[in-house]
Structures are given as structure tokens and as C-alpha cells.
Amino acid sequence: MATVALTRPRTEVRRGPAHWVGGYQTMLHWQLAGLRTLLPLLIGIQILVGAGFVLGIALLFDDISPTAALYVSSGAPVMNLLIVGLLLGPQLVAQQEAEHSYDFVHALPVPRTATALAWYTVTLLGSLPAVVLSLLVAQLRYGITFTVSPSVVAAVLLTAFTGTMLGYALGHALPNPMVIQLAEGVLRFVVFGLSPILFPAEQLPGWLAAISWWLPFGHMAVIVRDPLAPEMVADAPISYLIVAIWGVGCAAITAWALGRRR
Amino acid sequence: MNTTATLQAAPSPSQLPSTIRSGAGHWLRSLNRMLRFDLSRARQWAPMMAVAQVFMGAGMAIMYSFVYPEVSEATALYIVTGTPTLALIPLGLLMLPESVNQQRLEGTFDFTWSLPVPRTAQAASTFLLYTLLSLPGMVLSLVVVALLYGVQLSVSPLIVPAVLLCALMAVSLGFGMALAIPNPMVVSVVTSALAFVVLLFSPIVYPPSHLPGWLFAIHQVLPFYNMAVVIRAGLSVGLVSDLAQSFLVLGAWTVAGWAMTGWVIARRQ
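In order, the protein sequences belong to chains Z and W. For the first sequence, our numbering begins at 1 and goes up steadily by one. For the second sequence, our numbering begins at 1 and goes up steadily by one.
Please keep in mind that the hints were generated in silico from the structure rather than gathered at the bench. Incorrect hints may have been included.
As the list claims (entries may be wrong) - Sample of chain Z residues with no beta-carbon within 10 Å of chain W, all distances over it, derived:
1. 18
2. 53
3. 65
4. 145
5. 153
6. 177
7. 211
8. 237
9. 258
Stated by the list, open to error - Residues of chain Z placed beyond 12 Å of chain W at every Cβ, according to the derived structure:
10. 16
11. 41
12. 55
13. 61
14. 105
15. 147
16. 174
17. 194
18. 205
Claimed, not checked - From the structure, some residues in chain Z lie toward chain W, with a derived Cβ separation under 10 Å:
19. 52
20. 62
21. 66
22. 70
23. 189
24. 192
25. 198
26. 240
27. 244
Ideal placement from N, C-alpha and C gives every residue a C-beta, glycine not left out.
Let's have the full structure, built from the sequences with the hints guiding it.
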């Protein structure tokens, strides 16, 4: 009797930094390829929105005051940072769920943190050109010279991180595409209309200002404004703290939502 | 008057009589039936639509006011009298095209077109129905914002034709656009981008003197500023002049919407 030696398939758990970085690169390519038709359109819309706010809000005034102009100019980039991660992100997840590609993507042998970081990178790629352009348009329109300090990097990265994580948490933790769409609609309203991003919080009614103090959006505007026009911001550290807490909290919710068995 | 032409050459028991019905009487009966058909479908979403309109109309008006360090009486009057226009634009340019999109995706659109009624009667039914359905949300938005700012409005009879024409214009233009652009994705993108640009750059809640000259010149031939003008004239005294031109421009855009609709429904599919 002859014995046949079967080679056992390798069951190997891959880990380690090299595997993680490899996964990150693969997922970045994957996501960019998935968005290749949408991304140019998206960057175009981003520029339209950023420049649109900078130029359009001025028309509400007979003669816009320098303070109001500074608020608008430093708020428009925040809108740019939130559009991809916070507003588009949940929609993409909803679309994946509707198309049933959601489970497929999550079955890919890539660390979830690498996937998340790749998505964060994509949101930055989709936002930063518009952020720079919005600031340039503001300089030209209002003759403002921003005194950019290095902390702008931290502020921009943190704002984009929290926005993206909030969108990620909504997309992954909410049960079905319809609910996601609804939450997204409400969020758009809150961010664009009711948050003190393009104007100071004092112009909101008291109760609304009190609510928005607990939300991250107004604080995002504060931390982005701080390095651009330091004289307008009194208390940046507390804002950094609140934005960071939201970011970490949402990352934790996402981790829980992705980690549970289904 | 109802002309009935029988096309049947050789009567055979297995064939249904195929007749072409035409004439004004047939058209009006069709319109009546389409209105009932559309209305019974609208029962599901019409209340939701009014609520969404109040959110958009009154919500936008209130949001604009946040941008001002303080809202003076004159500013408040402009915001309040601009509110009905703010409530009409999203209905015509966002909700109606979105509904056409959805009907296209669901196949309802093709089904409706296959019904034995003239397509012009179907379009007329859509225009009539949406014009009427846009009114409650619009009035409610105006009441909410007027109460909020405590503005005294001086309503004149002019408000009736102004509002009806504006609503009809918004509906006709939105429907024409949704029909003329065959790809639903493109309709979505075009209408959202349009709504954003319109709501930021149109002198609806502020006087046109804030605009640079060339932009105002463009707005004089676009419908949005002219909507605000005729509605404002019906709600206040002394804020606007040159109404005839605004009515003419709105009329022209209404006809343009009908022309787009007519062009699409006249083609064979």
C-alpha cells in the first residue's frame, strides 16, 4: 500500500507591520479605483462649494465686515473637509449595502484598521485641493492675508479625521441604507445650516448655541481658524479636546460595529 | 366634441375594436382621469412633501438670518418675503425631478406612458397637481417665518397670480428638465448643483443692489430673482418695481418648461 503525502494548505495568520502596510496600499488602490469616475467630479463639486460659500455669503451683506469675511473664509475649508468623509462616506457604505458588495469588501484579508486609514487618506485627497483653493479665493476676494502657523496641519488632519470617523461610524453602525440616507440628510442640515462654522456662535439663538457647543462641528471651525487668524480664537485647546473626543469615540463605535459577529 | 374613428377593417370576433380617440372632450376626460390617478398616488407622499417644503423653505430662511450679526427690520422683511420663493424652488428643482427619477427606475414612468390617454393630458395633470400641492407647504413656511420675526405683511390680491405663476413655472421647468435629461444620475447632480448655486447667489432674501452689475443682469433673465420680485410685490409695499417684466420672464420660462416637456413626449420611445 502506497501512502500519498498530501500537502496541507498553509493556514497562516498574517500579521505584522509589513502585512499591515501592504494591506493599506492595496486598499488605497482599491478605493481610488472604485472612485475613479467620481473623484474628479467630487473635487470639482468641492471647489464649487468652497468658493461658492466664500463668494456667495458676501452677497447677503450690503458691505461685508472684515470680521464676517474672516469667519466665512476660515469656515469654508471646514465645509470642504467634512463633505467627503462625513457626507459622502455614509452614502458609499449605503450603496455598497444596497449592491451587496459590503460583505465582500469586509471578507477581504486586510486589517480593518488599514481599510479605515486608506479611506481616511482618500477623504484627504478629495478635500485638500479644495481647502487650498477656498483659502486662495478668500485671499483674492477679501484681501485677507492669513498668517499660517504649523498647527494648521494638526487642525486640518484632526478635523478630517473626526469628520471621516463620524461618517464611518454612521455608515457601519446604522442597520440599513434607508436609515443611513435619512441620518445623512439630517446631518447635512445640521452641518451646513445650523452649525457655527461660517459665522460666530453668538449669532445662533442661545439654546441652539448650547447644543452646538456639545457637537464637534463648531469646534472644528475654531481649531482650523486658530492657526489662520489667531486673534479671533480665545480658547482653542478645549476645542481640540472636544473634536478629538468625538473622533476617538466614533472610531471606537466603528470598531465595535465592524467587530461584532453578524 | 368627440371624434371616434373606427379602424377595424374586417370585423372578426377574436379581435378587440381598436379605435383612435381624439378631440377636446377626450382630452379633458383623460385629464380628469389622470388627475384622479395621480392624486391617489400622491396621497402617500403629499403630506411628507409639504413637511419637507417647510423644512427647506422656513429652514433656509432662518439659516440665512444666522449669518447676519443682527437682523434689522428691513432685513427681516426681505427674508420673510423671500420665504415662499425658497419653499418653491426646492420643490420644482429637487423634489419633482427626484420623483421623476424614481418613477423611471421603478418602471412606473413607462407604465404611465403606456396608458391610453394623451401624453399632453398626463403632463398637464402633473403640472396642475404639483402646482396645487406646492401651496400648503409654501403658505406654512411663510406663516412660520413671519411669526418668528414678527413682520407685518401687507398682502395684496396680486399675491394670487404671483404665487400660482411661480409655482407653475417651478413645476414646469423642473419636469421639463427631468424629462429632457435621460440619465437619472445626471439629473440628480445637475439639480443639486443648481439648487446650491441658486440659493447662494440669487437675490431672493436680499436686495439685488448687493450684486455686481453683470450678475444682476443675468438674474433679470433667470427665473429665481423674478419669482422673488412678484411674490414680494404681493406681500409688501414699496420694495419692488417693474413687475410686468418679471411676470413676462416667468411666463417665458413656464413656456420653456412646456416646450421641453412637449419635445420629449412627442418623440417615440
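Status of each hint after checking the structure:
no., hint, result
1, 18, "40 Å, holds"
2, 53, "7 Å, violated"
3, 65, "8 Å, violated"
4, 145, "23 Å, holds"
5, 153, "29 Å, holds"
6, 177, "15 Å, holds"
7, 211, "14 Å, holds"
8, 237, "26 Å, holds"
9, 258, "29 Å, holds"
10, 16, "42 Å, holds"
11, 41, "7 Å, violated"
12, 55, "8 Å, violated"
13, 61, "7 Å, violated"
14, 105, "22 Å, holds"
15, 147, "24 Å, holds"
16, 174, "21 Å, holds"
17, 194, "7 Å, violated"
18, 205, "9 Å, violated"
19, 52, "5 Å, holds"
20, 62, "6 Å, holds"
21, 66, "12 Å, violated"
22, 70, "13 Å, violated"
23, 189, "7 Å, holds"
24, 192, "8 Å, holds"
25, 198, "7 Å, holds"
26, 240, "25 Å, violated"
27, 244, "27 Å, violated"
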